[in-house]
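Chemist: Those protein sequence lines, which keep their order, are chains R and F. Counting with our numbering, you get residues 1 to 71 for the letters of the first sequence. Counting with our numbering, you get residues 1 to 174 for the letters of the second sequence.
Hints are computed from structural coordinates only; laboratory data are not their basis. Glycine included, every Cβ here is placed at the ideal spot set by N, Cα and C. Any given hint could be a false lead.
Unchecked claim - Going by beta-carbon spacing under 10 Å, a handful of chain F positions derived as facing chain R:
1) L22
2) A23
3) L29
4) A37
5) T46
6) G58
7) T59
8) V85
9) T147
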Amino acid sequence: MVEKARLSLQVSAEVERALADLAREEGTTKTEIVRRGLRLMELVRSVHAEGRHIGFVKDRSKLDTEIVPLW
Amino acid sequence: MPEPASPGLAAPESASDLPPDLAALLAGLARASDMGADDILSSVTTLMRRYRAQRALGTHFGVAADPSRLDTELVQTGSLVTDLVRRLKPDEHDEERGARLRAEQRTALLADVKGVVLFVALLVGVITVTGICGWLALFSPDSPLETQHWAQTMLAAVVSGAVSFLVGRKVAGK
Chain R
1 MVEKARLSLQ VSAEVERALA DLAREEGTTK TEIVRRGLRL MELVRSVHAE
51 GRHIGFVKDR SKLDTEIVPL W
Chain F
1 MPEPASPGLA APESASDLPP DLAALLAGLA RASDMGADDI LSSVTTLMRR
51 YRAQRALGTH FGVAADPSRL DTELVQTGSL VTDLVRRLKP DEHDEERGAR
101 LRAEQRTALL ADVKGVVLFV ALLVGVITVT GICGWLALFS PDSPLETQHW
151 AQTMLAAVVS GAVSFLVGRK VAGK
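Take the sequences, apply the hints, and build the full model.
Modeler: Below, the structure is given as structure tokens:
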């Protein structure tokens, strides 16, 4: 079984508020918001590293690949 | 009055527990971007806000090789993803606008001509049929009885069709 150690992180009050607001709006925890946000950022960085572009469209047929997050 | 937090860090009550995988991801991003965890989390919340706002507009999220296909692109500023760029169509030059308007006028004129030609052809057809049937039914006693019946039927159909059309237009106009 994987050990579930936890690390404590101190953040600014502004970031704390932003995380709390997002968590409330999404109906989840701040940790989950951090997880989603970091994954999103990683995704964008990896797409850029491949020389492709990532973003939003009204018409989904314009996308080469649509990304549907599982949250 | 609470103690002011040190730059970039909050009071202890703002501390969050982070699972090791996220801490590792955060540390990796911090190394790659040469920024502190707080700045990265600030960017993360901004990114999440913009992502949510876009999705609330009903847009689809995805990847394209050609950036011009994206309505709004996520771009990197330095090492972090923080910005959205909305792509706007370039301003139309006068020549392009004139050419577009001329093309639209031609298309509209062609559609009008088609409509008028069709209407005139139908009108001429109906008048011709009505005239022939009227003449056969009313002014041609020498024509066979069967032909007169056929002509009367056609005439009745045309008249009832015309009445229905006129009544329908009047009702629709109210």
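Chemist: With reference to the structure, classify each hint as holding or not holding.
Modeler: Right, here's what the structure says about each hint:
1. The restraint placing F:L22 at the interface with chain R holds, with a minimum CB-CB distance near 6 Å, inside the 10 Å limit.
2. The interface hint given for F:A23 holds, since its Cβ lies 4 Å from the closest Cβ of chain R, which is under the 10 Å cut-off.
3. A cut of 10 Å between beta carbons decides the hint on F:L29: the least distance to chain R is about 7 Å, and the hint holds.
4. The interface hint given for F:A37 is met, as the beta carbon of that residue sits about 6 Å from the closest beta carbon of chain R, less than 10 Å.
5. For F:T46, the interface hint holds, since its Cβ comes within 10 Å of a Cβ in chain R; the closest pair sits about 8 Å apart.
6. A hinted interface residue such as F:G58 counts as satisfied when its beta carbon comes closer than 10 Å to some beta carbon of chain R; here the least separation is about 7 Å, so the hint holds.
7. A distance limit of 10 Å between C-beta atoms decides the matter here; for F:T59 the minimum to chain R is near 4 Å, and the interface restraint holds.
8. Checking F:V85 against chain R: minimum C-beta separation of about 8 Å stays under 10 Å; hint holds.
9. Hint status for F:T147: violated, given a least beta-carbon distance of 60 Å to chain R, over 10 Å.
Hint violations for this structure: number 9 only, all remaining hints satisfied.
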